[in-house]
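The sequence shown begins at 1 in our numbering and counts up by one.
Mixed in with the good hints there might be a few duds.
Okay, the calculated beta carbon distance ranges per label pair [as the list claims (entries may be wrong)]:
| hint | residue 1 | residue 2 | range |
| --- | --- | --- | --- |
| 1 | 231 | 53 | 30 to 40 Å |
| 2 | 401 | 354 | 54 to 64 Å |
| 3 | 390 | 318 | 48 to 58 Å |
| 4 | 93 | 119 | 23 to 33 Å |
| 5 | 301 | 53 | 20 to 30 Å |
| 6 | 255 | 364 | 39 to 49 Å |
| 7 | 337 | 274 | 24 to 34 Å |
| 8 | 305 | 344 | 40 to 50 Å |
| 9 | 296 | 253 | 26 to 36 Å |
| 10 | 274 | 298 | 16 to 26 Å |
| 11 | 95 | 253 | 26 to 36 Å |
| 12 | 390 | 340 | 18 to 28 Å |
| 13 | 226 | 200 | 47 to 57 Å |
| 14 | 364 | 226 | 14 to 24 Å |
Hints were generated in silico from the structure; no laboratory data involved. Beta carbons: idealized from backbone N, C-alpha and C, even for Gly.
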Amino acid sequence: GGGGGGGGGGGGGEGSSDDGASAAEGAAAEEACVSGACLKELCSGNGVWLTELGECDCFECYGGTNCAVDLEAHTSCATVDVSGGDPLMFEDYWLSNTDPMLTLHSAWRLSYSAADLEAELKSKIRELHARTGNMDVREGDHIVLGIGSTQLISAALFAQSTAARPSVVFAAAPFYQAYSTAALYYESNRFDAFESSPEAYNASLAGEHVVEYITSPNNPDGTIRDGAIAGSARVYDHAYLWSHFYTDPAGEALRHDVDDVSLFTSSKILGLAGTRLGWAVVQNGTIAQRMEEYKGVAVISLPHEIVARELKLLNYALDTSLDVLVWAKGVMEARWAAIRRVFGEVQDSGPSPGRFTALPEEEEERYDAFLGRDVRPTVAYVWVRCELEADAAYVSTTDPTATGCYGVMLDAGVLGRPGPLYGGSDAFMRLELLMRDRTFDLLEERLRLLMLGVGDLSRRRR
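Starting from the given sequences, assemble the full structure and let the hints guide the process.
In structure tokens, the structure reads:
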């Protein structure tokens, strides 16, 4: 799960000028393109040409008609936005492998149902799990497709609750905020969370029907989790259970209990967030049927274009030995190496060693059977802990509503997400690592200057 953010600066904005090709000239140049890299060249290498709109989508801190204007010293670039979860890091991969994205033809499919395509997609999803080894999906298990895993979060809550059995919805803090949103929107009895004492909650929830959401690896802190409430109906969110993020030290495919639900999303494996395709692995046929009922009421059926695009690209990924996952692991390893360096040796050389901690802490290497080598976890987010009480109580000088560790980072030119959004304290905040290279480079530089004590970058002026 995750919102937007980390995107480009658009085709204009302050500081832009008519510095490149017109829309007509750009369209003509687009026709001459034979590769995805060419679509970046049309935008000076600082953006991507949007075929549908006939204009450039500029990377962060670039502007102008063809993204040739460097806005890094401008007030519009004072803050780098790393608050979202858009997997734009995959953009370079798909621009280098454009054929499967440019050969989708489904206009002739007019009926509500795409049952034939859905059956084929479910078969390919089973193959995906078998080849990556992350989930033990067996014959007889049900695959429930949804519009992103977000829809399935609500569908699972519906399937696990009835009018005769209202539910308490529960997640251990820090938790992904969509769980509390779904619980409150659908008027569950209540949404509960705890920070440190599951034993107390087990006692207080005795006799209650509890639907427990468990993200593993967890968003935001990257930890591996299991159920904390005895007898709960468990919904496991495994959006990040792929080799480019995490490898199980035991090297075994997961198999949960028969009444549990396991959620996955294409956005974090292939980067296809805009396709909006998620799926659930469900052993219990009754629970799977109730999830399908929820989907039928909400949307009748999945759009053909979602299923067709997902099937096209998943087929491509499988046919190329899932090279996209190998590529993504390399990107994440490089980014975590940079984060460890900034929060480690760079911070230690600055005026306040130990002021910030990047979580999760570095773990020992373990063998990943899919990748065929020893690796460390390289999760999707950095959960930052401010170690000083003064930072946890800080109020931003630029935005008085921004407090704690989140406010400290904001005044250093880094927009993340505050810890309280995840049920955590003001001593924590979250940074994403799924952005384009340009955005990550800006993040790394802002963090480096913060660690070295070089002022409040968010107040920089032209």
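How the hints compare with the structure:
| no. | hint | in the structure |
| --- | --- | --- |
| 1 | 231 x 53: 30 to 40 Å | violated, 52 Å |
| 2 | 401 x 354: 54 to 64 Å | violated, 28 Å |
| 3 | 390 x 318: 48 to 58 Å | holds, 52 Å |
| 4 | 93 x 119: 23 to 33 Å | holds, 28 Å |
| 5 | 301 x 53: 20 to 30 Å | holds, 29 Å |
| 6 | 255 x 364: 39 to 49 Å | violated, 25 Å |
| 7 | 337 x 274: 24 to 34 Å | holds, 29 Å |
| 8 | 305 x 344: 40 to 50 Å | holds, 45 Å |
| 9 | 296 x 253: 26 to 36 Å | holds, 31 Å |
| 10 | 274 x 298: 16 to 26 Å | holds, 19 Å |
| 11 | 95 x 253: 26 to 36 Å | holds, 32 Å |
| 12 | 390 x 340: 18 to 28 Å | holds, 25 Å |
| 13 | 226 x 200: 47 to 57 Å | violated, 18 Å |
| 14 | 364 x 226: 14 to 24 Å | holds, 20 Å |
Going through the hint list in order, the structure does not satisfy hints 1, 2, 6 and 13.
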